[in-house]
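A.B. asks: Chain by chain, the residues:
There are 2 protein chains.
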Amino acid sequence: MRKLKYYVAVSVDNFIAHEDGSWDGFLTEGEAVTDYLESLKTWFDAVLMGRKTYEIALKVGVTNPYSYLKQYVFSRTMKESPDENVELVSENIVEFVRKLKNETGKDIYLCGGADLATMLFSENLIDEIILKLNPVLLGSGIPLFSGLIKQTALELTDSKIYKNGVVLLFYRVKKMEQI
Amino acid sequence: MRKLKYYVAVSVDNFIAHEDGSWDGFLTEGEAVTDYLESLKTWFDAVLMGRKTYEIALKVGVTNPYSYLKQYVFSRTMKESPDENVELVSENIVEFVRKLKNETGKDIYLCGGADLATMLFSENLIDEIILKLNPVLLGSGIPLFSGLIKQTALELTDSKIYKNGVVLLFYRVKKMEQI
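So the protein sequences, as listed, match chains A and B.
Numbering (our numbering) for the first sequence: 39 to 217.
Numbering (our numbering) for the second sequence: 39 to 217.
Everything labelled a hint here was simulated from the structure, so no lab data went into it.
It cannot be assumed that every hint is accurate.
Copies of the same chain look alike in the list, so a pair counts if it fits in one copy or across any two.
Here are the computed lysine to aspartate or glutamate pairs in the EDC-like style, where the Cα-Cα straight-line distance is at most 20 Å [unchecked claim]:
1. Lys188 - Asp62
2. Lys139 - Glu161
3. Lys137 - Glu67
4. Lys139 - Asp62
5. Lys137 - Asp62
6. Lys213 - Glu161
7. Lys97 - Asp165
8. Lys137 - Glu57
9. Lys144 - Glu118
10. Lys201 - Glu166
11. Lys212 - Asp83
12. Lys201 - Glu129
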């Protein structure tokens, strides 16, 4: 089965962005960014985005943010996708992702946001969490998960410390049946 | 000047404890714990506790939790300290900590909680944040800081990865005048 990996930049106080979706304070240059872009192409062939996450790209005129991946945006309110390369999924989101994971292919990249991550985590669909921990306290913002999730053990499977202070942490989600 | 270091165990989703102050899910054995206990005695000669943090010890009958350190508990509601080894500070908390930092001695350990940390951070009194990142998502609980703080850059000065998946991260708080 393909794995679903929530790979996201986060502050030391666990915010993935400011309230408005911007991310000033996060480091946007350096080896961590190069590694990230390279890994997207190597590990994945599909990406899942929540509507608000996709709209951050739309705001700056980008309708096709991950052109090298099959792109899905999840929204109950959006009427149609503004780009033929991005497939809109409006109904049965959980079932859609479950089916997608059962198809053949590389692993699936969940780039955000917190609402979609909370929904999919609660359905035991997220297999790994990869945190790009930035050396900053945002003070407020959008947290890693927007809603309550159940207490869950993780396994640290890999890590990398970058010169600029970014810490990359790879966690496997220990699902109930595996503990 | 003595440094004030906020050294605290935290989950991957940034909670220092469950809502009731308990911390099941955090790893309480292994090299990370041995290192922690050793470092308390080596680096510090004083500890600051918020009232709620101290009460977690009191609940299990411990009135003198850090007997090898000079202990201060901060509370506006507590009438007197239940232990002669713990000094109650009820007024002018910020000024008290500022003076303490100017005295001679080893560095000062801020063990929590989130309310006291937020107050002292907002007054630029916290010099380092040391996170003992436990491989668990608590899902809800008491966050690293309980109130809003301003966006603040950090510098990763050291780190250690333990076999059991605990990640120890040392951050220097970049204060405005130092950036």
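A.B. asks: For each hint, tell me whether it holds in the structure or not.
C.D. replies: Status of each hint after checking the structure:
Taking the shortest Cα distances, Lys188 and Asp62 sit within 20 Å of each other only across copies (13 Å), while inside one copy they are farther apart (30 Å). Taking identical chains as interchangeable, the C-alpha atoms of Lys139 and Glu161 lie at most 20 Å apart only when both belong to the same chain, with a minimum of 13 Å there against 49 Å between chains. When the C-alpha separation of Lys137 and Glu67 is checked against a cutoff of 20 Å, the pair qualifies neither within a copy, at 36 Å, nor between copies, at 40 Å. In this assembly of identical chains, the alpha carbons of Lys139 and Asp62 never lie at most 20 Å apart, being 33 Å within a copy and 32 Å across copies at closest.
For a Cα distance limit of 20 Å, the shortest separation of Lys137 from Asp62 qualifies neither inside one copy, at 36 Å, nor across copies, at 35 Å. In this assembly of identical chains, the alpha carbons of Lys213 and Glu161 lie at most 20 Å apart only when taken from the same copy (11 Å versus 42 Å across copies). For the homomeric pair Lys97 and Asp165, neither the shortest alpha-carbon distance inside one copy (30 Å) nor that between copies (38 Å) is at most 20 Å. For the homomeric pair Lys137 and Glu57, neither the shortest alpha-carbon distance inside one copy (32 Å) nor that between copies (37 Å) is at most 20 Å.
Taking the closest pair of Cα atoms, Lys144 and Glu118 never come within 20 Å of each other, the shortest separation being 27 Å inside a single copy and 62 Å across copies. Taking the shortest alpha-carbon separations for Lys201 and Glu166, only the inter-copy value of 19 Å comes in at or below 20 Å, while the best intra-copy value is 24 Å. Taking the shortest alpha-carbon separations for Lys212 and Asp83, neither the intra-copy value of 24 Å nor the inter-copy value of 39 Å comes in at or below 20 Å. In this assembly of identical chains, Lys201 and Glu129 lie within 20 Å of each other by CA distance neither inside one copy nor across copies; the values are 44 Å within and 43 Å between.
The structure fails to meet hints 3, 4, 5, 7, 8, 9, 11, 12 from the earlier list, while all remaining hints are met.
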